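Those protein sequences? They're chains W and G, same order as listed. Our numbering numbers the first residue of the first sequence as 1 and each following residue consecutively. Our numbering numbers the first residue of the second sequence as 1 and each following residue consecutively.
None of these hints come from the bench; they were simulated from the model. Predicted model only: the values in this text are computed from it and were never measured. Idealized CB from N, CA, C, for every residue including glycine. Warning: the hint list may mix true and false statements.
What the hints assert, rightly or not - 25 angstroms max Cα-Cα, derived SDA-like pairs, lysine to any residue:
id	chain 1	residue 1	chain 2	residue 2
1	G	LYS126	W	TYR395
2	G	LYS126	W	ALA48
3	W	LYS68	G	ARG328
4	W	LYS391	G	LYS78
5	G	LYS140	W	PHE54
6	G	LYS126	W	THR122
7	G	LYS63	G	LYS126
8	W	LYS51	G	LEU139
9	G	LYS78	G	GLU67
10	W	LYS391	G	ASP132
11	G	LYS140	W	GLY71
12	W	LYS55	G	ASP227
13	W	LYS376	G	ALA329
14	W	LYS68	G	THR207
15	W	LYS391	G	GLN162
16	W	LYS68	G	GLN162
17	W	LYS376	G	ASP132
18	G	LYS140	W	LYS325
19	G	LYS126	W	LYS325
20	W	LYS391	G	GLY396
21	W	LYS68	G	LYS63
22	W	LYS325	W	THR122
23	W	LYS51	G	ASP132
24	W	LYS68	G	TYR108
As the list claims (entries may be wrong) - What the simulated footprint calls covered on chain W by chain G, stretch by stretch (three residues with Cβ under 8 angstroms from a Cβ of chain G suffice, anywhere in the stretch; the number is not a length):
id	segment
25	10-22
26	118-125
27	268-280
28	350-359
29	508-521
30	563-569
The primary structure of each chain is shown beneath.
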Amino acid sequence: MNQTSALRAGRAAIFKNKVRTFFSKPHNVILLLMGIVFTVSTVAPIVAIVKDTFKIHPGTIDAFLTGKAEGYTLVNYIDLFTSNLARTNLWSPLWNTVLLAVGTCVVAILFGGVFAFLVTRTDMAWRKYLSGIFIFPYIMPQWTLAVVWQNLFDSNAVTGTSNGLLAATLGIEMPLWWCKGLFPSLVVLGLHYAPFAYILIGGIFRNMDANLEEAATILDTPKWKTMTKITLPMVKPATLSTILLVFGSAMGSYPVPHYLGLTTLSTKYVSMNSKYAGEASILAIVMMLFGVGIMLLNQFSLQSRKNYTTVTGKSGQISKIHLGKIGKYAIALVLAVVTFFTSIFPIVSFAFETFLPNPGDYSFLYTGDTANLTTKWWVTATNTSALYGQKGILYNETIRGAFLGTILVSVTCALLAGTIGTLVGYAVSKNRRSKAANYVNAVAFLPYLMPSIAVGVAFFILFSNEYINLFNTYTLLIIVGTVKYIPFASRSSLNSMLQLSGEIEEAAMIQNIPWIKRMIHIIIPIQKTSIISGYLLPFMTCLRELSLFILLCTQGFILSTTLDYFDEMGLYAFSSGINLILIVTILICNAIVNKVTGASLDKGIGG
Amino acid sequence: MKRIVSLLLAITMALTLAACGGTGTAAPGTTGETGGSETPDDKEDPGDTEETPAPENLTDTQKIIQEAQGMTLGELAKKAIEESNGQMFYGVGNSSRGATALPLFIDYLKTIDPSYTMEFEWQQPKNNKIFDQLTADSLKETGTFAMTLIQDGNQIESKMTQTGILDTFIPKDWAEANGTTAKEHEGYLPMQTLNKIFMYNNTGSKTYDNCWDFVAEGEHGLFMDIDSEVVGKNFLYMLTRDDYSAMLKEAFEALAAEEQAYFTPTIDEMASEAESLGLGADGKYALAWIKLWVGSYNAQTDDGPICNTLVDQSATDQFGLLVYSKLRAVEESASVSRNNVTVAAYNDGYAGMGGFGYSHYLFVTDNTPLPWTACAFIAYLTCTADGFSAWGKDIGGYSSNPEVYAENE
Numbered sequence: 001m002n003q004t005s006a007l008r009a010g011r012a013a014i015f016k017n018k019v020r021t022f023f024s025k026p027h028n029v030i031l032l033l034m035g036i037v038f039t040v041s042t043v044a045p046i047v048a049i050v051k052d053t054f055k056i057h058p059g060t061i062d063a064f065l066t067g068k069a070e071g072y073t074l075v076n077y078i079d080l081f082t083s084n085l086a087r088t089n090l091w092s093p094l095w096n097t098v099l100l101a102v103g104t105c106v107v108a109i110l111f112g113g114v115f116a117f118l119v120t121r122t123d124m125a126w127r128k129y130l131s132g133i134f135i136f137p138y139i140m141p142q143w144t145l146a147v148v149w150q151n152l153f154d155s156n157a158v159t160g161t162s163n164g165l166l167a168a169t170l171g172i173e174m175p176l177w178w179c180k181g182l183f184p185s186l187v188v189l190g191l192h193y194a195p196f197a198y199i200l201i202g203g204i205f206r207n208m209d210a211n212l213e214e215a216a217t218i219l220d221t222p223k224w225k226t227m228t229k230i231t232l233p234m235v236k237p238a239t240l241s242t243i244l245l246v247f248g249s250a251m252g253s254y255p256v257p258h259y260l261g262l263t264t265l266s267t268k269y270v271s272m273n274s275k276y277a278g279e280a281s282i283l284a285i286v287m288m289l290f291g292v293g294i295m296l297l298n299q300f301s302l303q304s305r306k307n308y309t310t311v312t313g314k315s316g317q318i319s320k321i322h323l324g325k326i327g328k329y330a331i332a333l334v335l336a337v338v339t340f341f342t343s344i345f346p347i348v349s350f351a352f353e354t355f356l357p358n359p360g361d362y363s364f365l366y367t368g369d370t371a372n373l374t375t376k377w378w379v380t381a382t383n384t385s386a387l388y389g390q391k392g393i394l395y396n397e398t399i400r401g402a403f404l405g406t407i408l409v410s411v412t413c414a415l416l417a418g419t420i421g422t423l424v425g426y427a428v429s430k431n432r433r434s435k436a437a438n439y440v441n442a443v444a445f446l447p448y449l450m451p452s453i454a455v456g457v458a459f460f461i462l463f464s465n466e467y468i469n470l471f472n473t474y475t476l477l478i479i480v481g482t483v484k485y486i487p488f489a490s491r492s493s494l495n496s497m498l499q500l501s502g503e504i505e506e507a508a509m510i511q512n513i514p515w516i517k518r519m520i521h522i523i524i525p526i527q528k529t530s531i532i533s534g535y536l537l538p539f540m541t542c543l544r545e546l547s548l549f550i551l552l553c554t555q556g557f558i559l560s561t562t563l564d565y566f567d568e569m570g571l572y573a574f575s576s577g578i579n580l581i582l583i584v585t586i587l588i589c590n591a592i593v594n595k596v597t598g599a600s601l602d603k604g605i606g607g
Numbered sequence: 001m002k003r004i005v006s007l008l009l010a011i012t013m014a015l016t017l018a019a020c021g022g023t024g025t026a027a028p029g030t031t032g033e034t035g036g037s038e039t040p041d042d043k044e045d046p047g048d049t050e051e052t053p054a055p056e057n058l059t060d061t062q063k064i065i066q067e068a069q070g071m072t073l074g075e076l077a078k079k080a081i082e083e084s085n086g087q088m089f090y091g092v093g094n095s096s097r098g099a100t101a102l103p104l105f106i107d108y109l110k111t112i113d114p115s116y117t118m119e120f121e122w123q124q125p126k127n128n129k130i131f132d133q134l135t136a137d138s139l140k141e142t143g144t145f146a147m148t149l150i151q152d153g154n155q156i157e158s159k160m161t162q163t164g165i166l167d168t169f170i171p172k173d174w175a176e177a178n179g180t181t182a183k184e185h186e187g188y189l190p191m192q193t194l195n196k197i198f199m200y201n202n203t204g205s206k207t208y209d210n211c212w213d214f215v216a217e218g219e220h221g222l223f224m225d226i227d228s229e230v231v232g233k234n235f236l237y238m239l240t241r242d243d244y245s246a247m248l249k250e251a252f253e254a255l256a257a258e259e260q261a262y263f264t265p266t267i268d269e270m271a272s273e274a275e276s277l278g279l280g281a282d283g284k285y286a287l288a289w290i291k292l293w294v295g296s297y298n299a300q301t302d303d304g305p306i307c308n309t310l311v312d313q314s315a316t317d318q319f320g321l322l323v324y325s326k327l328r329a330v331e332e333s334a335s336v337s338r339n340n341v342t343v344a345a346y347n348d349g350y351a352g353m354g355g356f357g358y359s360h361y362l363f364v365t366d367n368t369p370l371p372w373t374a375c376a377f378i379a380y381l382t383c384t385a386d387g388f389s390a391w392g393k394d395i396g397g398y399s400s401n402p403e404v405y406a407e408n409e
């Protein structure tokens with residue numbers, strides 16, 4: 001009897017000790033807490049949106065088909081998948097979405113990859129300038145390139161609008177497939193996301209061991225074979241990472257297909273939301289399923305992926321391909337022209353647009369008469385009908401308020417996402433072989449893989465109820481932004497923490513240095529650059545995020561929704577002015593961070 | 001594709017007719033006052049079918065509204081001052097100019113009590129989000145929004161009033177100006193009617209003198225997407241009504257034989273659809289016009305870009321269906337001019353509809369935090385020229401109050 005009690009007490013004590021030991025390690029506590037938080041922040045919105053697909057919404061198709069104003073039904077699924085409108089509302093947008101996502105990945109990888117190769121592996125001229133300018137399309141809100149595309153290529157004869165710049169000045173009328181639909185959408189998104197490919201693939205090229213290719217050269221291997229059998233396989237992991245990052249983002253893009261006239265799941269969601277609310281939620285779930293699918297594919301590819309050692313101790317030198325005296329300038333010139341149109345021209349165009357007397361009125365270009373220019377969009381101090389009831393940009397309280405709102409959301413999201421992501425990276429790296437760590441790592445990354453608009457929808461539904469009602473609050477934007485951007489920081493942090501030898505921290509532990517001190521004085525200073533990138537990326541992405549926030553607040557709340565509002569209204573002077581403000585803000589922040597810490601945007605994209 | 005479009009329309013039409021409850025009285029203060037423009041929101045003004053609930057079933061806000069409906073603007077203003085001095089007022093609307101009207105309202109209250117202050121915020125959601133926003137806000141015990149200025153009678157009825165989210169308040173002064181009383185008035189409270197009219201760029205030789213010209217072969221009118229601004233969809237629903245169908249038939253008959261030949265197959269094709277939907281004898285003309293319009297229009301994000309296009313001299317022979325008021329901000333330049341645009345209905349011998357009108361309605365939210373102030377603001381907007389001045393000073397917006405309307409002319 002006594003022996004049994006003793007045994008029981010022993011088991012309890014062992015368990016208690018195990019728990020105590022477990023919780024004595026900060027990384028275990030972080031892992032447990034984050035596991036709970038991420039599970040809730042990921043699962044709860046999904047549950048909310050699934051519930052919404054069964055719900056009857058007053059004044060919509062489900063209420064009409066069921067004859068009820070409330071309750072639950074399967075009719076949304078039946079109608080969406082089997083009605084005569086299934087092709088229009090589901091299959092056709094789904095097909096367009098897949099084509100857009102795949103096409104965007106192809107454009108981003110080809111453009112970014114080739115650019116990365118030329119910058120890192122050849123002696124091409126002006127590499128520093130080109131490298132810096134290449135990331136500009138990522139800094140700008142993605143749909144602004146779409147607006148520039150319209151302003152360039154639209155024509156009265158083809159698109160049924162007023163003439164764009166090319167038609168007006170040179171009389172060139174581009175075909176409809178060039179101006180509207182899938183092609184311009186995937187090109188614009190591809191250009192926007194090409195910096196991902198550039199940074200990721202460029203990183204591999206930059207660190208690649210030249211011995212591998214040199215060995216092939218010694219063995220007289222043809223250059224094409226060296227490229228296909230050695231070089232390209234090396235960049236395969238980076239290519240997969242690019243696909244991982246770009247596919248979901250392109251799928252969830254709302255503004256680009258919206259402006260360029262392509263019906264995708266995102267645009268269909270917005271257009272169906274008023275009369276087909278439940279069916280629209282199913283579209284959001286379809287988008288989410290793609291996100292989950294990509295995550296599973298990623299896990300699978302991680303398991304099956306061959307390991308390629310790109311950094312060895314033997315050789316840090318990479319041999320550069322000589323493009324020839326003319327070649328190195330000719331190729332650089334081509335790239336300079338291309339990047340001029342993707343990076344410089346939009347900025348010049350935005351600036352020019354703010355001085356036009358009417359939106360899209362290029363009279364000055366034909367006449368050379370400065371009377372056809374104006375400063376009214378900047379300096380008008382009163383609400384006037386000449387500015388559609390708005391004040392000039394310098395006096396406009398809406399733009400000022402939206403700017404401050406954007407800064408608040410971006411800074412807070414960056415601080416939260418950066419800190420949480422760093423802790424996750426640290427905790428996962430410390431438990432790298434445990435299933436719990438893998439789970440936390442995967443579930444933290446999931447929101448990034450889910451299309452932004454679907455994440456926005458899910459959080460809108462989750463936080464629009466009688467208990468919690470956060471619509472149009474900065475709190476909601478900060479929560480959603482943080483959840484969505486944690487992967488930037490967690491990936492960046494995890495990659496750097498994995499490089500860190502455990503001995504460094506152990507030495508401090510032996511001397512009984514508390515965890516907080518170890519983090520502040522040892523871990524963070526060593527991995528400063530990566531960690532700061534983990535803060536900088538959420539900040540910059542958040543500054544010009546639209547798809548994620550468009551359903552969560554009204555225009556005027558933050559700059560991106562205000563910018564979109566002015567673009568939709570055709571008030572391009574205001575939207576262009578806001579674009580300039582955003583670009584200048586990002587460049588200043590990047591420059592300051594770069595100066596102070598050495599971290600930089602173009603070193604951290606892609607986590 | 002065309003089959004899909006027609007089915008889409010058939011389903012949405014059926015949905016709308018069901019949602020509208022099948023009554024047929026036009027809302028007051030719209031058609032007659034706007035020079036003959038039509039108001040799609042009012043086709044089946046649903047407010048007519050509502051019965052006044054018994055006093056014990058009224059919500060707190062509805063009780064206040066009942067009391068407020070017997071008070072003049074001056075009396076309401078005093079109540080508003082008592083209630084909202086030093087408070088924050090949130091409004092939401094389809095028009096951004098609520099933000100211009102609110103400071104004028106505060107100034108008006110200051111003429112009664114110089115110490116009065118009120119902070120305010122006016123929000124203007126786009127893409128139909130106003131309904132989501134109001135629905136989300138209605139879930140709170142005390143809402144954020146005090147009142148709203150909203151369009152689209154169809155959705156207002158099915159999503160807002162049937163669900164008890166919004167309450168109608170009829171100001172005493174407004175009712176008197178319209179020769180009625182709050183009790184006798186049927187329907188919602190319209191603040192103004194706006195017109196969307198067919199306009200075309202006249203730098204070429206083309207003219208449009210029949211509404212069928214806008215759906216002729218090769219035409220692609222610029223129009224806000226009907227999913228983006230649902231009053232455009234309501235306009236199409238409205239065309240299926242007997243009198244508008246007859247108008248379309250009449251316009252069709254005014255066409256030359258070769259022009260008719262292009263439309264006839266579509267009209268014949270729509271005959272069975274019209275019958276299955278229970279439309280009148282001329283319903284096929286309406287469905288044919290709708291089908292051709294939906295299949296051909298060039299969807300734009302707003303009337304602003306449409307206006308920007310049409311006034312440019314390069315937009316030769318393009319046309320659009322847009323609000324007249326967008327022309328107000330056009331600045332004359334070497335290539336842009338208001339004179340580049342002609343209103344189609346002004347052409348001699350023009351046949352058929354020249355556009356449509358729609359109303360902006362005013363409502364108090366049922367969980368309003370400031371019911372008296374909301375009522376006073378609504379009365380101020382509808383009963384004074386100053387209140388309406390944010391909209392009234394430009395072309396294209398017409399007050400529902402005959403006295404304010406006259407002051408603005």
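Here's how the hints hold up against the structure:
1. Pair hint LYS126 of chain G plus TYR395 of chain W holds up; C-alpha atoms about 23 angstroms apart against a cutoff of 25 angstroms.
2. For the suggested pair LYS126 of chain G and ALA48 of chain W, the alpha carbons sit about 24 angstroms apart, so the restraint of at most 25 angstroms is met.
3. Restraint check: the Cα-Cα separation between LYS68 of chain W and ARG328 of chain G comes to about 45 angstroms, which exceeds 25 angstroms; the hinted pair is violated.
4. Taking the CA atoms of LYS391 of chain W and LYS78 of chain G, the gap is about 32 angstroms. The hint is violated against a cut of 25 angstroms.
5. A C-alpha spacing of about 23 angstroms is found between LYS140 of chain G and PHE54 of chain W, which places the hinted pair at or below 25 angstroms, so the restraint holds.
6. For the given pair, LYS126 of chain G sits about 50 angstroms from THR122 of chain W by alpha-carbon distance, which is inconsistent with the 25 angstroms threshold.
7. For the suggested pair LYS63 of chain G and LYS126 of chain G, the alpha carbons sit about 32 angstroms apart, so the restraint of at most 25 angstroms is broken.
8. Using a Cα cut-off of 25 angstroms, the hinted pair LYS51 of chain W and LEU139 of chain G holds, with the two alpha carbons roughly 17 angstroms apart.
9. Under the criterion of a C-alpha separation no larger than 25 angstroms, the hint pairing LYS78 of chain G with GLU67 of chain G is consistent with the structure, at around 14 angstroms.
10. Taken as a hint, the LYS391 of chain W and ASP132 of chain G pair is broken in the structure, with Cα atoms around 29 angstroms apart against an allowance of 25 angstroms.
11. Between LYS140 of chain G and GLY71 of chain W the CA atoms are separated by roughly 20 angstroms; this keeps the pair inside 25 angstroms, and the hint holds.
12. As the CA atoms of LYS55 of chain W and ASP227 of chain G are separated by approximately 22 angstroms, the hinted pair is consistent with the 25 angstroms bound.
13. With a C-alpha separation of about 12 angstroms, the suggested pair LYS376 of chain W and ALA329 of chain G falls inside the 25 angstroms cut-off, and the hint holds.
14. The suggested pairing of LYS68 of chain W with THR207 of chain G is violated, with an alpha-carbon distance near 49 angstroms, which exceeds 25 angstroms.
15. Proposed proximity of LYS391 of chain W and GLN162 of chain G is contradicted: the alpha carbons are some 39 angstroms apart, above 25 angstroms.
16. Proposed proximity of LYS68 of chain W and GLN162 of chain G is supported: the alpha carbons are some 12 angstroms apart, at most 25 angstroms.
17. Restraint check: the Cα-Cα separation between LYS376 of chain W and ASP132 of chain G comes to about 36 angstroms, which exceeds 25 angstroms; the hinted pair is violated.
18. At roughly 71 angstroms between alpha-carbon atoms, LYS140 of chain G and LYS325 of chain W are farther apart than 25 angstroms, so this suggested pair is violated.
19. Straight-line distance between C-alpha atoms of LYS126 of chain G and LYS325 of chain W comes to about 56 angstroms, which puts the hinted pair past the 25 angstroms bound.
20. For the given pair, LYS391 of chain W sits about 21 angstroms from GLY396 of chain G by alpha-carbon distance, which is consistent with the 25 angstroms threshold.
21. Between LYS68 of chain W and LYS63 of chain G, the direct Cα distance comes to roughly 28 angstroms. Violation of the 25 angstroms bound is thereby established for this hinted pair.
22. Distance hint between LYS325 of chain W and THR122 of chain W is fulfilled; the C-alpha atoms sit about 12 angstroms from each other, no more than 25 angstroms.
23. The straight-line distance between the Cα atoms of LYS51 of chain W and ASP132 of chain G is roughly 17 angstroms, inside the 25 angstroms bound, and the hint therefore holds.
24. A threshold of 25 angstroms between alpha carbons decides the hint, and for LYS68 of chain W with TYR108 of chain G the separation of about 46 angstroms lies outside it, so the pair is violated.
25. A count of 0 residues in the segment 10-22 of chain W with a Cβ less than 8 angstroms from any Cβ of chain G is obtained; the coverage claim is therefore unmet, three being the minimum.
26. Coverage of the segment 118-125 of chain W by chain G is violated [criterion: at least 3 residues with CB-CB distance below 8 angstroms; count 0].
27. Coverage of the segment 268-280 of chain W by chain G holds [criterion: at least 3 residues with CB-CB distance below 8 angstroms; count 6].
28. With 3 residues having a Cβ less than 8 angstroms from any Cβ of chain G, the segment 350-359 of chain W passes the three-residue criterion, so the hint holds.
29. Look at the segment 508-521 of chain W against chain G: 0 of its residues bring a Cβ nearer than 8 angstroms to a Cβ of that chain, fewer than three, so the hint is violated.
30. Beta-carbon proximity to chain G at under 8 angstroms applies to 4 residues in the segment 563-569 of chain W; the threshold of 3 is reached and the given coverage holds.
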